[in-house]
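A.B. asks: Residues per chain are reported as follows:
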Amino acid sequence: MATEFVARGSNLDLVGIRKEFPGFTAIDDLDLHIPAGEFFALLGPSGCGKTTTLRLVAGLEEPTSGQILIGGKDVSHTKPHERPVNTVFQSYALFPHMSVLENVAFGLKQRKIADPLKRASEALDLVQLGHLAGRRPQQLSGGQQQRVALARALVNRPSLLLLDEPLGALDLKLRREMQIELKAIQIEVGLTFLHVTHDQEEAMDMADTVAVMNKGHIEQMGAPEKLYDRPKTVFVSKFLGQSNLFIGKIVETSANSLSIDVVGYKISVPKDRAEKHTGKIAIGVRPEKADLFQNKPADSSSQNLIGPGEVKDIRFTGVSNQFLVDVPNIGLVTVFEQNEGNSTVELGDQVWISWKVEHSFGLADLPADTLDEE
Amino acid sequence: MRFALGKWALPLYTVLAFIYLLIPIAYTFVFSFNDSFKSNISWRGFTFNNWLNVCGEPGVCDAFGTSVLIGVVSTVLATILGTMIAIALVRYEFKARSQVSLLLFLPMATPEIVLGAGLASQFFNMGVTKGLGTVIVAHVMFCLSFVVVTVKARVASLDPALEEAGSDLYATPAQVFRKVTLPLLTPGIMSAALLAFALSFDDFIITNFNAGPVDTFPKFVYTAAAKGIPAEANVIGSAVFLVAIIAVVLVQLNSARKQKRLLAGK
Amino acid sequence: MAFAAFGHSGGSKSDFKTPRKTSVKVAMALLIPGMLYLGLFFITPLVSLVVTSLEVPDGSGEIGRYAYGFEISNYWTVIETYWPHIARSFFYALMATILGLLISYPLAYFIGVKARRWPILQGLMLTLVIAPFFISFLLRTFAWKQMFANESLIVTTLQSWGVLAPDQYLVGTDFMVIFGLTYNFIPFMTLPLYTSLERLDIRLLEAGSDLYANPAKVFARVTLPLSMPGIISGTLMTFIPIAGDYVNASSQFLGSSETAMIGNVVEANFLRINDYPSASALSVLLMAAILALVTFYVRRSGTEDLL
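Residue numbers (my numbering), protein chains in the order written: chain A, 63 to 436; chain B, 63 to 328; chain C, 27 to 333.
In isolation and in its complexed conformation, chain A is listed as follows (with noise of 0.2 Å):
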């Protein structure tokens, strides 16, 4: 039943995953695909079964139907004990009748592996805790528990290392702190993490691949800024990052764009930043892209352009001005403009909005309440 000490990584291969519970169906035929030695988040809101796809890599849920491959060996219907996986629980889950150093030594000693005080207290040093060992995990701060869950973990090589928001306890600069410390230490040891996150800013600083799921399914996967550039759904464009939507019928196509009409206005997207080409399509641009004109300027093939538009609301963030802007028919449109000290544009002023064509993208779907009449 023990694994072997491997010091690698492994792949992670989900195929065909369906996990039902009395009432509901938490995820819905999950294909993914992870490979060995990255670092790779699954991100989404609570309940879009992004901690169930967890529980299932670690044995304590049994798939309803589909595989679980770990290094291409299936272990869909083996017992947590026998998977070369270890978890860092949300609630750290550190035994308080144990101290620290029993706490990191516990896997070590369930595998009979030789010397198990001293690689756990190796582990101990790498997360920079060897002075703690024999505390009980009570007497230390988060941070610190934090620590010892994952030096728990780690201590004991596994071919996966699953982690269960684990930094959601953390007060917000702790936070940061520890994503840079985790991000260091996977590069450091090598191993393949699978992290399971709601915060889409974690996810993007520390994963080398972000998986954004929505209701037992995975809506697009890629690396955090293509996800960002390029989102291909409503919801991967309004979870990660904020998005301005257009809806429109395509009614133009050229070689390498489309047009679409939203009220009188033309909106161009590059065809092949485009998931349809034909009928009804969202069009997105993120607000950092657009641009504020206090008077109209000139038309231009390669600019969006609408306007004009009362501005409704700025918001002061500091680093950037965020600008809420009404435009007649087509509702608000936020954008931001770098606080490079010298904005002149004050609420109630009429403005123009402008942005390249090349930082449009349109979406494969459209928004929950538009109407549909084709």
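Quick caveat, the hints were computed from the structure, so don't treat them as lab data. Warning: the hint list may mix true and false statements.
[As the list claims (entries may be wrong)] Listed below are the simulated DSSO-like cross-link pairs for lysine-lysine, each with C-alpha atoms no more than 30 Å apart in a straight line:
{"id": "1", "chain 1": "B", "residue 1": "241", "chain 2": "A", "residue 2": "141"}
{"id": "2", "chain 1": "A", "residue 1": "358", "chain 2": "A", "residue 2": "328"}
{"id": "3", "chain 1": "A", "residue 1": "288", "chain 2": "A", "residue 2": "333"}
{"id": "4", "chain 1": "A", "residue 1": "174", "chain 2": "B", "residue 2": "241"}
{"id": "5", "chain 1": "A", "residue 1": "141", "chain 2": "B", "residue 2": "157"}
{"id": "6", "chain 1": "B", "residue 1": "69", "chain 2": "C", "residue 2": "140"}
{"id": "7", "chain 1": "C", "residue 1": "140", "chain 2": "B", "residue 2": "322"}
{"id": "8", "chain 1": "B", "residue 1": "322", "chain 2": "A", "residue 2": "235"}
{"id": "9", "chain 1": "B", "residue 1": "157", "chain 2": "C", "residue 2": "140"}
{"id": "10", "chain 1": "C", "residue 1": "243", "chain 2": "B", "residue 2": "69"}
{"id": "11", "chain 1": "B", "residue 1": "320", "chain 2": "A", "residue 2": "171"}
{"id": "12", "chain 1": "A", "residue 1": "351", "chain 2": "A", "residue 2": "300"}
{"id": "13", "chain 1": "B", "residue 1": "320", "chain 2": "C", "residue 2": "140"}
{"id": "14", "chain 1": "A", "residue 1": "374", "chain 2": "A", "residue 2": "351"}
{"id": "15", "chain 1": "A", "residue 1": "418", "chain 2": "A", "residue 2": "311"}
{"id": "16", "chain 1": "A", "residue 1": "338", "chain 2": "A", "residue 2": "374"}
{"id": "17", "chain 1": "A", "residue 1": "338", "chain 2": "A", "residue 2": "418"}
{"id": "18", "chain 1": "B", "residue 1": "69", "chain 2": "A", "residue 2": "180"}
{"id": "19", "chain 1": "A", "residue 1": "277", "chain 2": "A", "residue 2": "311"}
{"id": "20", "chain 1": "A", "residue 1": "300", "chain 2": "A", "residue 2": "418"}
{"id": "21", "chain 1": "A", "residue 1": "180", "chain 2": "B", "residue 2": "320"}
{"id": "22", "chain 1": "A", "residue 1": "141", "chain 2": "C", "residue 2": "51"}
Given chain A, put chains B and C in place with the hints provided.
C.D. replies: The following block gives chains B and C in isolation, referenced to the frame of chain A:
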């Protein structure tokens, strides 16, 4: 003046209430030193003889020993059965949950005389001879629900992730139980066991119906009460009281110290 | 000590949200031994009690020999014969429960609310509340008997003051039995009250005095309603055992033949004159009355999750 009275009325009342609660204990203790002759009714002078020669009164030490034996056996059995039920109730999903809860609640809501008479009538109808065995059967029965309630509270306060962490760290279900669940439940199981022992040791009514010829300490006292309880019984009662109260105070001080140490560690 | 456990159980659910395990096999293996035990030694005895209560003398003329029958009139007979004992039992239980509540509430309030600032004192006082449990129930009761005995200082003093007539005594009276019952079950009342008062948020009282100003009104509108769960479990936990008690009312202890309760009658019929059907019929009546009371109480208060 009225204000000062309002401020001191409640503490004063509390002191009086405690005096009221403790008077019979003090009385029992004092009369364990009475240089009594036959019945221990009026004060005849101070002596250590009763303490030095507890077993001098025929039957009292045997009764005490029987009570301890019954208490230990019943406690062990009730604690094992009750702990199993408590774990099942908190950790497992099953259909008959509300029926099980009702079945556990009913013995606690039943007057002892009904429990005692019921069992006695069953033993009588089945032709079972009353003795040590029937007393133990009865004691396990009425202690069981109290064990479940006490252990259940502890299981409910135990994070299930701890057990999951155990199995995640390569422990088999049996090892998880032995190394994680059981040590963490120990305080709850211990207090349940102490409760069961106290209930069993002090029970008179159910025992009286089911003991037959077996003499327990409460039965001895009840029988003796007709002509006056011998001072040796006061000695045993007082000694048990002292041991129990010292144990409780030590446990309390210990947990207060632990609390302090934990706070200091942070 | 026992019923104190109730105080902590008011609707306690698991503190954690992880779904319960669904392994029916393990759950059954854990449950069945204990449930079987209760079935065999709690449920069947109750059935046996009902069966016995309907039995008739077997005709041999020997004492204590009965045969199966369906003699419902046994119940009318015991009600007719023993209605004073039945009425007395419930009267004593009611009086002792009310007195117990009046004595315990201020005590529990002081320990649970006023003494919060001093946890060690709080722990010490709680130990003192349960201290009577550590000494035999019978010894405690006997101690009161001795203190209130006919030649005791208390009685002679009361006689010399004229409170008692020269030939009037305390032991054997309703007063003495109620006194003993009240005393013996005070911890059962105080602990559940303490548990619910201890959880009382003091800020609510402050908010109350802010809104109602008058301490009596704050008590009536805030403290009392919030401590209701404690009052409910405390009164149940004292009333039930008191209604079935027979030690306090027996003539060896604080009572006399004038104070005999249901328990005394059951004991005498069962253990001394071997009239099993009468003893069983009375027990069944007592059980039925208690169950009706508990059901009514639980329905009224909504604390269905007593365990």
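A.B. asks: Please go over all the hints and tell whether each is borne out by the structure.
C.D. replies: Right, here's what the structure says about each hint:
no.	hint	result
1	B:241 / A:141	holds (18 Å)
2	A:358 / A:328	holds (16 Å)
3	A:288 / A:333	holds (17 Å)
4	A:174 / B:241	holds (15 Å)
5	A:141 / B:157	holds (25 Å)
6	B:69 / C:140	holds (11 Å)
7	C:140 / B:322	holds (22 Å)
8	B:322 / A:235	holds (29 Å)
9	B:157 / C:140	violated (44 Å)
10	C:243 / B:69	holds (18 Å)
11	B:320 / A:171	holds (28 Å)
12	A:351 / A:300	holds (15 Å)
13	B:320 / C:140	holds (24 Å)
14	A:374 / A:351	holds (19 Å)
15	A:418 / A:311	holds (20 Å)
16	A:338 / A:374	violated (33 Å)
17	A:338 / A:418	holds (20 Å)
18	B:69 / A:180	violated (61 Å)
19	A:277 / A:311	holds (28 Å)
20	A:300 / A:418	holds (20 Å)
21	A:180 / B:320	holds (28 Å)
22	A:141 / C:51	holds (17 Å)
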